[in-house]
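Generate the whole structure from the sequences, applying the supplied hints.
Oh and the sequence shown: position 115 is 114 in numbering that gives the first Met the number 0, straight run, nothing missing.
It is possible that part of the hints are untrue.
Computed cross-link-like contacts, DSBU-like style, restricted to lysine-lysine with a CA-CA straight-line distance of at most 30 angstroms [claimed, not checked]:
id, residue 1, residue 2
1, K495, K522
2, K443, K398
3, K495, K465
Here are the in silico distance ranges between beta carbons for each label pair [what the hints assert, rightly or not]:
id, residue 1, residue 2, range
4, G350, S300, 19 to 25 angstroms
5, F478, K97, 34 to 40 angstroms
6, S385, D279, 25 to 31 angstroms
7, S242, E487, 43 to 49 angstroms
8, S385, R195, 55 to 61 angstroms
9, N349, I432, 40 to 46 angstroms
If you're looking for bench data, these hints aren't it; they were derived computationally from the structure. All values reported here derive from a predicted model rather than from experimental measurement. Where is the CB? At the ideal position from N, CA and C, for every residue including glycine.
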Amino acid sequence: MRGRCSVPSLPSPCHTLAAPHRAHTEPTDRPHTEPTERPHRAHTEAGAMALRKEALMFVLMLGWTLCPVQPKKPARCPATCSCTKESVICVGTPWVPKTVPGDISSLSLVNGTFPEIKERMFAHLPTLQLLLLNSNAFTVIRDDAFAGLFHLEYLDLRGNRYECDCKAKWLFSWLKTTNSTVSDVLCVGHSDYQGRKLNELASFDSDCITTDFTVHQVLSYHSVSVDTFQYKNDVFVAIAQPSMENCMILEWDHIEMNFRSYDNITGQSIVGCKAILIDDQVFMVVAQLFGGSHIYKYDESWAKFTKFQDIEVSQISKPNDIELFQIEGETFFVIADSSKAGLTTVYKWNGKGFYSYQSLHEWFRDTDAEFVVIEGKAHLVLSSRSQVPLILQWNKITKKFTPHGDIPNMEDVLSVKSFKMKDELYISLTRFIGDSKVMKWNNKQFVEVQALPSRGAMSLQPFTFKDRHYLALGSDYTFSQIYQWNKEKKTFEKFKEIYVQAPRSFTAVSPDRRDFVFASSFKGNTQIFEHVIVDLSL
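Right, here's the structure in full:
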């Protein structure tokens with residue numbers, strides 16, 4: 000800021016440029032000449048006035064130009080510090096000095112009592128080259144704590160009791176990228192890192208990055224199953240609604256970032272909608288409890304599904320699951336029939352339509368069918384109300400499924416789902432009474448990995464988001480549980496409780512780099528949960 004100054008005392012322009020003083024004289028008896036002299040006198044006085052104004056402006060401008068700027072008052076050295084021209088040393092101070100004398104290059108804070116180093120705490124000292132923070136009381140260094148120190152060459156953090164938890168993630172990352180020389184930062188906590196150097200740790204992601212499932216959207220209708228498919232870069236969801244007699248097709252809205260209604264297939268007690276994509280065609284298998292099941296085809300000109308083919312009532316009387324698979328480039332689907340005289344049937348695409356290809360077995364009240372590849376060979380696992388799960392293997396010569404084995408001691412299984420972790424094959428088996436099981440293939444058979452208490456469970460669905468493996472266990476009697484796989488313990492651990500009335504299925508859907516789980520409900524609203532990443536260091 001410019002200091003106050005006064006204009007130098009100079010002779011007034013009026014004294015240097017005014018006309019000579021004329022003495023007052025009495026009028027004479029000379030002939031009267033005033034009319035001829037007044038114009039000349041007025042002109043002379045106007046010119047003199049203009050000259051006086053210009054001279055005054057010149058003097059004022061000259062005064063301001065020559066006015067010296069007063070230097071700002073130097074800041075005092077803080078009471079708890081000692082200062083020199085280039086350095087400040089403070090002992091036992093409860094704060095970082097806000098004002099220091101001059102542009103210092105070195106600041107030393109020893110035995111300070113401030114509890115943390117806040118964001119941009121030293122930004123008011125941009126000329127610092129040495130920052131010595133020895134043996135202070137702070138245990139936390141906030142994000143961007145050293146922002147603004149463009150010339151920092153050395154940072155000393157020795158002697159501080161530093162907690163190496165999620166709050167240390169920023170400092171950990173900064174140490175990896177800074178060009179400054181930084182002393183070793185020893186961790187006093189937490190227990191896993193005690194006594195170790197912060198810059199030698201591998202990563203904080205396992206401790207500081209977690210996930211959560213939050214409600215993204217609620218659909219005000221009941222449902223029993225959900226399927227998802229992609230068509231021309233768009234993501235769709237097909238929801239079976241038996242009470243409303245609909246197969247509701249939803250589309251992901253890339254602008255509104257939610258799922259919106261796209262089409263609706265009506266029927267009678269629809270329990271399953273399964274999309275089949277063949278070349279550029281989309282078919283929808285609609286399984287019904289009454290009136291037979293049907294196949295619909297998407298008509299792009301009308302932007303809706305129209306009936307394409309019927310499925311014989313005599314073959315499928317009580318469909319419970321639809322499973323799609325491919326073998327040797329051929330497209331198949333199987334419908335599990337849960338009626339007492341049910342006939343679980345495989346259908347095959349022949350280029351023009353789907354026809355009955357193989358009846359697997361009858362009288363077993365099949366509840367689910369799962370296609371798995373075991374050691375390079377195609378298999379079907381059928382769960383049943385009346386027997387243990389049956390394993391069928393594809394015979395490459397006869398081009399049919401033949402019995403290959405079973406899964407012992409697992410009676411009354413409602414559903415079976417397969418998944419992989421690190422190229423190892425697992426299956427989940429759901430039971431309404433007793434424990435549900437997670438099993439693993441060990442080159443000869445499926446062996447138990449973990450039992451999960453599951454009274455009232457109708458679904459145990461595996462899914463994977465961003466290299467994290469989950470199981471959703473839906474229960475009619477209590478809160479549904481989401482389990483997460485623990486890599487070290489090699490078991491699924493309880494992760495989150497969610498409330499869904501009478502859940503029947505959990506389906507993972509991933510549009511626009513976002514991850515969702517559709518939770519169908521037989522008695523309440525269908526809910527859409529979003530899988531979100533949570534950074535505990537923020």
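Against the structure, the hints come out as follows:
1. K495 with K522: 22 angstroms, holds
2. K443 with K398: 23 angstroms, holds
3. K495 with K465: It holds: about 17 angstroms lies between the C-alpha atoms, which stays within 30 angstroms.
4. G350 with S300: 19 to 25 angstroms: 22 angstroms, holds
5. F478 with K97: 34 to 40 angstroms: 53 angstroms, violated
6. S385 with D279: 25 to 31 angstroms: 42 angstroms, violated
7. S242 with E487: 43 to 49 angstroms: Taking Cβ atoms as reference, S242 and E487 lie about 45 angstroms apart, which means the hint holds.
8. S385 with R195: 55 to 61 angstroms: 58 angstroms, holds
9. N349 with I432: 40 to 46 angstroms: 42 angstroms, holds
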